[in-house]
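Asks: Here is what each chain is made of, one letter per residue.
2 protein chains.
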Amino acid sequence: MTNDQTLATLCKALGHPARVAILRHLLQVNSCICGDIVNILPLAQSTVSQHLKQLKEAGLIRGEIEGPRICYCADKDRLAAFKNLILSL
Amino acid sequence: MTNDQTLATLCKALGHPARVAILRHLLQVNSCICGDIVNILPLAQSTVSQHLKQLKEAGLIRGEIEGPRICYCADKDRLAAFKNLILSL
DNA sequence: GGGCATTATCGTATTTTTACGATATACGAT
DNA sequence: ATCGTATATCGTAAAAATACGATAATGCCC
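In order, the protein sequence lines correspond to chains A and B. Take the first sequence: its letters are residues 4 to 92, numbered as in this note's numbering. Take the second sequence: its letters are residues 4 to 92, numbered as in this note's numbering.
The reader is advised that the hints may include incorrect statements.
Which copy? The list can't say, so a pair holds if one copy fits it or any two copies do.
Pairs of lysine-lysine, PhoX-like flavour, derived with a Cα cap of 20 Å [to be verified]:
id, residue 1, residue 2
1, K86, K59
2, K59, K15
3, K15, K56
4, K86, K15
5, K79, K56
6, K59, K79
Hint data in this document are derived by calculation from the structure and do not stem from the laboratory.
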């Protein structure tokens, strides 16, 4: 994957306000909540799950199984790499 | 427009490798070429024109009429604002 | 094991994006 | 005025994104 493609992929992942909001929230609350995101956003649970999947596929967040629930958190290394790619423009 | 929405809009504009390539090229060649972009990318002229339109609508590039051709250049202020929004994450 | 809570996935409808060719528009040059 | 070049726009087809409800899957607790 070229740098341009990586950058485009990461940008695309953040190319929706809901996903920006999700990432920002995960960065704020260091403890990784998940169902709370559904409560915060005005979207159905399945829609939030889809957005989470897209962020996960882009590598911006990770999800760890924790009992019956899944605990998401931001991948700060990946975010840092994203910032560097943007700054390289 | 909230910060999240602005960030999402800018990210969406760069959420395609062709548009990343266009922006990067405009930043490299300070003189604003246009038809050259069509030669560089493996895309039809109309498709390139559409990508330019999206970048222009996001404010990342500007187009100035220069005789029969239109001269595009990157909007460095807007790009700087984008970088700041990303860094604020 | 049965029920409860949490999350993912499926199916689907609607909208948006992407890409192209064809056509229109604008301008300089002849 | 006509031609050629450069760019935008239109029309359209195919693919992808977005959103939802319904359903499945997972794991705790009784």
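Asks: Take the hints in turn and mark each one as holding or not.
Replies: We went through each hint and held it up to the structure:
1. K86 x K59: within (17 Å within a copy, 22 Å between copies)
2. K59 x K15: Result: close both inside a copy and across copies, 13 Å intra and 17 Å inter.
3. K15 x K56: Result: close both inside a copy and across copies, 13 Å intra and 17 Å inter.
4. K86 x K15: Classified as both; 14 Å inside a copy, 16 Å across copies.
5. K79 x K56: Close inside one copy (17 Å), not across copies (33 Å); limit 20 Å.
6. K59 x K79: within (13 Å within a copy, 31 Å between copies)
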